[in-house]
Structure formats: structure tokens, C-alpha cells
Amino acid sequence: MEWYLPLIWAAVIGTAVAMYVILDGFDLGIGILFPFSKSEAERDQMMRSIAPFWDGNETWLVLGGAGLFVAFPRAYAVLMPAFYLPVIVMLLALVFRGVAFEFRTVSRSKTGWNIAFTIGSTLAGFSQGVILGGLIQGIPVSNGAYAGGTFHWATPFALVCGLALVTGYGLLGATWLVMKTEGAVQDRARAHARLLLFAVLGFMAVVSLWTPLSIPRIAERWFSLPNFYFLWPIPAVTALVAFMTWRWLEAGRDVPPFLATIALFLLGYLGLVISSFPYLIPPSLTVWDTAAAPSSQIFMLLGTLLLLPMIIGYIVFIFWLFRGKVREGESYH
Amino acid sequence: MDFDPVLLARLQFAFTIIFHIIFPSFTIGLSAYIATLGVIWIRTGNDAYQVLMRFWTKIFAVSFAMGVVSGIVLSYQFGTNWSRFSVATGNVLGPLLGYEVLTAFFLEATFLGVLLFGFKKVPPWLYVMSAAVVAVGTSISAFWILSTNSWMQTPAGHEIRDGVAFPLDWFAIVFNPSFPYRFAHMLNAAYLTTGFVVLAVGARYLMAGKNIAEGRIMLRMAIGLTAILAPLQLILGDQHGLNTLQHQPIKIAAMEAHWDGSKPGDFHIFAWPDEKAGMNRFELSIPKGASLILTHKMNGLFPGLLSVPEADRPPVKTVFFAFRIMVGIGMIMIAAALLGAFLWWRGTLFEQRWYLRVVAQGWWMGFVAVIAGWVVTESGRQPWIAYHILRTADATSPVLGATIAGTLALFVLAYGVVFSFGIYYINRLIAQGPRGGDTHEPANFSASPISAARQEGREAIQKGGS
Ligand code: HDD
Ligand code: HEM
Ligand code: HEM
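These protein sequence lines map, in sequence, to chains G and W.
0 is the number of the first residue of the first sequence in numbering that gives the first Met the number 0; add one for each residue after it.
0 is the number of the first residue of the second sequence in numbering that gives the first Met the number 0; add one for each residue after it.
By construction, these hints were calculated from the structure, which means they are not laboratory data.
Take the hints with a grain of salt, since some may be wrong.
27 Å max Cα-Cα, derived BS3-like pairs, lysine-lysine [unchecked claim]: (1) W:K275 / W:K262; (2) W:K262 / W:K316; (3) W:K287 / G:K109; (4) W:K287 / G:K324; (5) W:K119 / G:K324; (6) W:K296 / W:K275.
For the chain W half of the interface with chain G, some residues (derived, Cβ under 8 Å), not all of them [unchecked claim]: (7) V86; (8) K120; (9) L428.
We put the CB at the ideal spot given by N, CA and C, even for glycine.
Full structure from sequences and hints, please.
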């Protein structure tokens with residue numbers, strides 16, 4: 000049990016992070032695409048497509064953070080100081096984009112909060128990518144505490160990961176708009192999605208080559224035998240999904256491109272997990288090194304098993320309630 | 000330049016958490032008020048209540064957004080600012096925060112969507128129920144976070160191994176000795192805070208001679224509520240203090256600026272505690288007053304500050320004055336609420352312009368009292384971050400002082416901007432009033448709950464529908 004618990008928890012938190020990336024990904028993506036819209040009415044329509052969901056989406060981020068604190072306090076205590084600046088920049092960015100939802104409509108001129116929404120969304124996505132990149136590269140630890148400086152994370156690789164995630168969120172946002180809107184907004188989103196798809200594939204290729212070339216432990220994981228026999232389908236399936244996304248976009252389909260983009264994200268995520276597992280803090284701390292007391296993990300696991308299905312239930316309810324397309328100049332009612 | 004990382008980490012945390020608590024103090028109470036209005040509307044069919052409900056929902060939306068984003072900041076700051084604290088107490092506190100997310104945050108966030116956007120999508124009962132669910136969610140959130148904080152004050156149900164706390168008895172952890180008192184006192188504080196805001200807004204309308212019907216409803220509901228809750232807060236606070244005397248006697252000594260435990264304590268109406276000299280200057284006191292309150296005996300004794308070394312004493316001035324601010328406001332609230340109830344009973348409530356003028360200015364009282372109360376609680380716990388388990392100075396993260404100073408400056412700047420705009424917008428929504436939207440807003444559509452709500456309010460009034 001003591002051996003399985005951290006694994007179960009790694010799976011729970013992994014799921015929360017994946018949920019976050021996908022759900023908040025599409026609404027951050029709307030912010031990233033904001034500057035390319037043509038009128039205030041279009042921006043209203045874009046906002047309206049995510050307004051009932053964004054708060055719930057962002058709650059997965061809180062669950063990810065709190066989950067880490069619950070299940071792996073030692074990892075939490077290393078990660079937060081290691082990424083002090085990117086984490087705080089991300090939080091402040093989320094503050095501005097979060098209040099922009101409400102402030103934008105009560106203020107006389109929307110321009111200021113449009114800008115805040117764009118910059119906040121973009122910066123939040125960028126910081127998350129940087130954190131991810133820094134994590135893949137590894138974090139210096141001594142005596143169980145972070146042992147690097149303020150800017151240890153700031154490497155070219157991490158910055159590329161930041162750009163990659165912004166692009167990825169942009170793609171999620173664009174395909175979401177294809178699914179949830181119509182008219183000019185949808186047409187433009189479709190065009191953006193095609194461009195962004197190529198950019199995302201480019202970034203995926205760069206990251207997939209860069210990591211094994213610069214980090215021997217990752218090269219070893221992927222290219223040693225017999226691992227390679229089991230792992231080669233991942234890039235192959237990714238290529239296939241990307242191709243289908245393209246086809247569906249070309250064919251003018253509404254829903255499939257969004258679902259396929261989610262699949263792309265999950266495949267990329269799977270690749271990262273394979274590269275780093277079982278390290279929570281590569282290259283030194285595993286899920287077992289950082290786990291909380293078994294009693295704490297069990298206490299929380301019971302609640303999670305009971306509550307998570309309920310939570311999923313009412314999240315499904317709200318997505319169902321606000322299903323269908325948001326039309327131009329239409330209010331919810 | 001010399002940056003003290005501990006001091007800066009504390010300043011940064013204090014700043015962000017004080018900013019955050021402003022919004023829960025209001026949203027916990029306001030969500031309950033909105034749900035109450037909804038229930039009355041459904042049961043009586045009186046549309047005035049529906050108009051009021053939609054009006055307060057707009058204001059709620061703006062405050063809630065600020066509460067959410069500032070709360071997300073906090074949940075990460077345990078790690079960024081207090082990573083050693085996270086390691087030492089994570090086994091115990093982690094699950095409490097985890098349960099808060101699972102039982103409260105998802106619930107609030109999801110049903111908020113229905114409350115803000117679902118008016119025409121769901122039947123009225125489901126709409127009002129969503130408001131009630133949001134209200135329940137905020138209280139559940141308060142339950143867990145206050146349990147967390149109370150465990151830091153009065154830890155129980157755990158054992159310490161190698162400086163790390165391990166859980167033994169979850170029931171004892173969640174319901175630790177100070178938790179019931181803190182939960183009751185804080186929840187009541189939130190309702191009072193909201194009550195005085197509603198009272199002020201109602202009074203403001205009556206003074207200006209507009210929205211008369213709604214203003215009267217607000218005034219009556221607010222006075223009915225606060226006339227009961229304000230005196231109750233005194234009782235809850237008194238019980239809370241007695242509990243603290245049992246578990247954190249030095250905190251009480253700091254609240255009362257009581258130095259010498261071998262003599263009965265006076266109640267200082269004013270004093271200037273001199274921490275170096277270990278005594279008070281300029282005392283204006285009721286002899287033996289503190290002994291009477293705390294021990295219920297004229298000559299009862301309770302520990303003084305001098306009974307522990309200076310390094311184990313909290314900052315006396317901060318605790319002492321913050322306590323006086325809170326209790327002072329509490330007394331003013333009692334007076335204002337009871338006076339209002341008296342005028343209501345006499346049937347002259349709506350004519351007494353001097354009374355309306357005064358309470359119209361009093362919207363801020365709850366917020367200041369809440370902040371003062373937290374400063375008492377948290378500063379009074381010093382130098383411990385988790386009482387007798389871990390000192391604040393040993394709890395910090397390995398982060399440079401200069402980094403913390405830089406981000407502190409960013410927080411001050413960002414929150415300053417957000418807060419100023421937020422207050423300005425809320426004030427403007429209030430000035431527009433419950434039916435304000437229809438006079439100067441064209442029928443435009445927008446993504447926001449605010450304009451959506453305004454739209455609906457208008458349509459409902461015209462009984463037209465879209
Ligand atoms: C007495 C109540 C209370 C107290 C002491 C705190 N909070 Fe809070 N918090 C709430 C009551 C609340 C709430 C009523 O549930 C909020 C306020 C407005 C809101 O949107 O929900 C909230 C929101 C909120 C959120 C956003 C939830 C979401 O995504 O919807 C987070 C992450 C936190 N809080 C975290 C904290 C932390 C880490 C605290 C202490 C260190 C803290 N809160 C103190
Ligand atoms: C309920 C959950 C809370 C937790 C877990 C918590 C935790 C902490 C921690 C870790 C510190 C830093 C140690 C210190 O410098 O004192 C602190 C300080 C502080 N907190 Fe809280 N706090 C909570 C609630 C609040 C709330 C709601 C307020 C409201 C304003 C508040 C006000 C303060 C203040 C003013 C300080 C600074 C005290 C000082 O530095 O002397 N706390 N708290
Ligand atoms: C009327 C007389 C009041 C008394 C005697 C009183 C008493 C107390 C005491 C003794 C504490 C410190 C508890 C501790 O940490 O050990 C406290 C904290 C607090 N008070 Fe009051 N209080 C009063 C009024 C108010 C009012 C009017 C408000 C706000 C509307 C308020 C809000 C708070 C808050 C938010 C805290 C911090 C949380 C907690 O520890 O409960 N209090 N109060």
C-alpha cells in the first residue's frame with residue numbers, strides 16, 4: 000500500500016493537471032486570440048463562449064496546487080521556490096485576466112480590460128510553459144530543499160516551451176471557437192487554427208528532438224531497447240491525429256477539430272510523463288521520496304474518490320446547460 | 000541594501016491575504032443574502048425581491064471575481080513563501096486545503112455560472128437553488144480554511160517526528176480547540192459586514208429619494224439581521240477570547256497589554272505599550288476590568304507578558320491596537336443596529352434623516368473590523384507560525400530577499416490597480432441602482448453577467464421577455 004499510494008496520487012494529480020491544461024487552455028486561448036478579432040461585438044461573442052466556464056476551469060489549477068501540497072508536500076516545497084518568479088507572474092497574470100471578465104463590461108471603455116485580458120492570458124500560458132520546461136530540464140536539490148538561484152529556470156529551452164504552450168493554447172482556443180461560434184468569428188478561428196496547427200507541430204518536433212539530445216536520461220528512456228518498441232507508436236499516432244485535425248478543419252467540421260486538439264495535447268503530455276516518470280522533481284526526487292504520510296494520502300484519497308465523480312457530474316451539467324453555439328450579438332437568454 | 004527575507008515574506012503574505020479576506024467577508028454574506036431574496040421572491044411572487052436579487056448579483060459578480068483571483072494567489076503562496084512550513088505541516092494541513100477545493104471551490108465556481116448566466120435557461124427554483132448552492136459553497140470554504148488556520152493556532156490530533164507533524168486523529172485535527180469559536184465568529188463577521196453594506200446602500204437610496212421601495216426592503220432586512228447578529232458577535236467574541244486564554248494566554252496578554260501576571264489585569268481603554276521597558280505608558284484604564292472579563296472574578300489572575308522571554312512575545316502594540324479597533328467597531332455596530340431597530344419599532348425609521356445619513360457612511364466598518372480581527376489573531380500567534388511547532392523565522396523558503404521585495408512591489412502595484420477599479424465599478428453599479436440599467440444603457444449585448452443581469456432585470460420589469 001505504501002508503495003502504491005504515491006503512484007495513485009501521481010495519477011490523480013496528473014489527471015488534474017491534464018484537466019487544467021485542456022479546460023483553462025481553451026479559455027486562455029481566447030485571450031491569446033483576442034487581438035486578432037475585428038470588433039467589440041466579436042470580442043463579446045468570444046467572451047460569451049467561455050464566460051460561464053472559466054472559473055470552474057481555473058479551479059483545476061487550485062486542485063493541482065493543493066493536490067501537490069496534500070500528496071507530495073516535499074515536492075511542493077521544492078517547486079514553488081524554484082519557480083518563484085514564473086509562478087508569481089502567472090498568478091498576477093491570472094488576476095488581471097480574471098477580473099477582466101467582469102470589469103470589461105462595467106467599464107465605460109472596454110479597451111483597457113481587453114488589453115489586460117490578452118496580456119494576462121498570454122503571460123499566464125507563457126509562464127506555465129516556462130515552468131514545464133524548467134521542470135523537464137531538472138531542478139537542483141540538496142537536503143530536500145531547492146538549491147538553485149532566482150533565475151535557474153531561465154534557459155532558452157524553457158522559453159521555447161513557454162512559446163510552445165502559448166501556441167498550443169491558441170490552437171485550443173481557436174478550435175473551441177470553431178465549435179462554439181458561427182459567422183465571422185468562426186471563419187477567422189478556422190483560419191487561425193490551421194496556422195496554429197503547424198506552429199504547434201513545429202514546437203512539438205523541436206521539443207521532442209531537443210530533450211533527448213540535451214538530456215541523456217530522456218534519450219535513454221526513449222531510444223534504448225526494448226523501450227523503443229513500445230514507444231514508437233506515440234509519435235506515429237500524434238502525426239495521424241495532426242493530419243486528421245487538418246482534414247477536419249479543411250472539411251469545415253465544427254466539433255472534431257477541438258476534440259482532436261485535445262488528443263494532441265494528451266499525446267504530448269503522455270510523452271512528457273514517459274520522459275520523466277517516476278521523477279516528480281527530475282533528476283533526483285521521485286514520487287516516493289516526496290510523498291506525504293500514508294495516513295494523509297489515504298484520508299484525502301477517500302474524499303477524492305467520493306467527491307470527484309460528483310464534481311464531474313455538475314461540471315458536465317454546466318457544459319450541457321450552456322451547450323450549442325453562441326451567435327453574433329446574442330445574449331444568453 | 001539589506002533585505003530581510005523573513006520580514007519581506009511576512010509582509011508579502013500579510014498584504015496578499017488582507018487583500019483576499021476583504022472579498023470573502025463580503026461574498027459569504029452577500030451570497031446568503033441573494034439566496035434569501037430569491038427564496039422570498041419564489042414564495043411571495045413579489046417582483047421587487049427579484050429585482051433586488053438581480054441587482055445584488057451584479058455586485059456579487061464583481062467582488063467574487065476579485066475574491067477568486069486573489070485566493071488562487073494564496074494557495075500557491077504557502078509554497079512560494081513558506082516552503083519549510085509546507086514540509087513541516089503538509090501532512091496535516093494539506094488534506095484540509097484539499098477538501099476545501101473538492102467540497103467548496105468547484106461547487107461555488109460551477110453554480111456561479113448558473114447564477115450569473117442561467118436566469119433564462121433554468122426554471123426559477125433551480126436558479127434560486129444555484130444561488131443557495133453558491134452560498135453554501137462559500138460557507139464550506141470558510142469551514143475548511145478556518146479549520147486550517149485554527150490548527151495553526153491550537154494544533155491537536157498529531158504527533159511530531161523529526162520536526163514534521165504526522166496526523167493521528169483527523170477528527171481532532173479538523174475540530175481542533177479554537178476552530179468552533181473561530182468559525183462562528185468569522186462567519187458572523189461576514190454576515191455583519193454584508194449587513195452593514197446593505198444598510199448603507201438602502202440608506203443612501205432613501206436619502207437620495209430614489210429606489211424607495213427597494214431601499215426600504217434593504218433597510219428593514221439589514222436592521223433585522225444586524226440587530227441580532229451584532230450583539231451575538233460580542234458574545235461569540237467573548238467566548239472566543241476565553242478559549243484563547245486557555246490555549247494561547249500570551250496572545251491574550253498582548254491584547255490586554257497585561258505585563259505582570261501576579262496582579263489582576265486592568266482593562267485599558269487607551270495605553271501605549273512600551274515593549275522595551277515591559278510596561279504601558281499613558282494608561283487610561285478600568286481597574287481590574289480585564290480580570291473581570293477574562294476570569295469573571297475581580298481579583299482573578301491571568302498570565303502576563305513578562306512570564307515569557309522577550310523572544311517569545313508577539314508584537315504587543317499591533318495586537319493591542321488592532322484588538323481595540325475591532326471591539327470598538329463591534330460596539331458601534333451594536334449601537335447602530337439596536338438604534339435602527341428601535342426607530343423601526345417606533346415606525347419612524349424611514350424619516351430619520353440623521354440616522355440614514357450616519358449609516359449610509361458606515362459601509363466600511365465590517366471590513367476594517369475583519370482585518371483588525373485577523374491582525375489580532377495572526378500577529379498574536381507570533382513568533383510561531385504553527386503554535387509551539389514551528390517558528391515563523393524557520394518557515395521561510397530559500398528565496399532571496401531581493402526577489403521577494405520585487406514581487407511584493409508587483410503585488411502592491413497590481414492589487415492597487417485592481418482594487419481601485421473594482422471599488423469604482425461597484426460604487427457605480429450602486430449609484431445606478433436596481434433599475435439603473437434601463438435609463439442610460441442601450442440594448443447592447445455583452446459577454447458579461449453584469450450587462451446580462453441588467454438586461455434581464457429590465458426585461459423582467461417590463462414583463463416582456465426577449
Ligand atoms: C472565511 C473565509 C475565508 C478565508 C479565511 C480565506 N478564504 Fe479564500 N475564499 C473564500 C473564503 C475564505 C471564499 C468565500 O470561498 C472565496 C472568496 C470569494 C470567492 O470567490 O470564494 C475564496 C476564494 C478562494 C480561492 C479561489 C477559489 C476558486 O477558484 O473559486 C482560493 C484558491 C482561496 N480562496 C484560497 C485561500 C487561502 C489559501 C486562504 C488562506 C491562507 C484563504 N483562501 C482564506
Ligand atoms: C485561514 C487561513 C490562514 C492561514 C493558513 C494563514 C497563515 C498565515 C501565515 C503562514 C502567515 C505568515 C506568518 C506571519 O508572518 O505571521 C500569516 C500571517 C498573517 N496573516 Fe494569516 N492566515 C490565514 C488567514 C488569515 C486571514 C484571513 C487574514 C486576514 C486578513 C490573515 C492575516 C494575516 C496577517 C495580518 C499576517 C501577518 C502577521 C505578522 O506578520 O505579524 N490571515 N498568516
Ligand atoms: C464585539 C466585540 C468583539 C469581541 C469581544 C471580539 C473578540 C475577538 C477575539 C478575542 C479574537 C481573537 C481570537 C484569537 O485569535 O484568539 C477575535 C478575532 C476576530 N474578530 Fe472579533 N470580536 C468582536 C467583534 C468583532 C467584529 C464586529 C468583527 C467583524 C465584523 C470581528 C471579526 C473578527 C475576525 C475576522 C477575527 C479573526 C478570526 C478569528 O480568530 O476568529 N470581531 N475577535
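Tested hints:
no., hint, in the structure
1, W:K275 / W:K262, "holds, 20 Å"
2, W:K262 / W:K316, "holds, 21 Å"
3, W:K287 / G:K109, "violated, 60 Å"
4, W:K287 / G:K324, "violated, 71 Å"
5, W:K119 / G:K324, "holds, 16 Å"
6, W:K296 / W:K275, "violated, 30 Å"
7, V86, "holds, 5 Å"
8, K120, "holds, 6 Å"
9, L428, "holds, 7 Å"
Consistency with the previously given hints fails for numbers 3, 4 and 6, ordered from lowest to highest.
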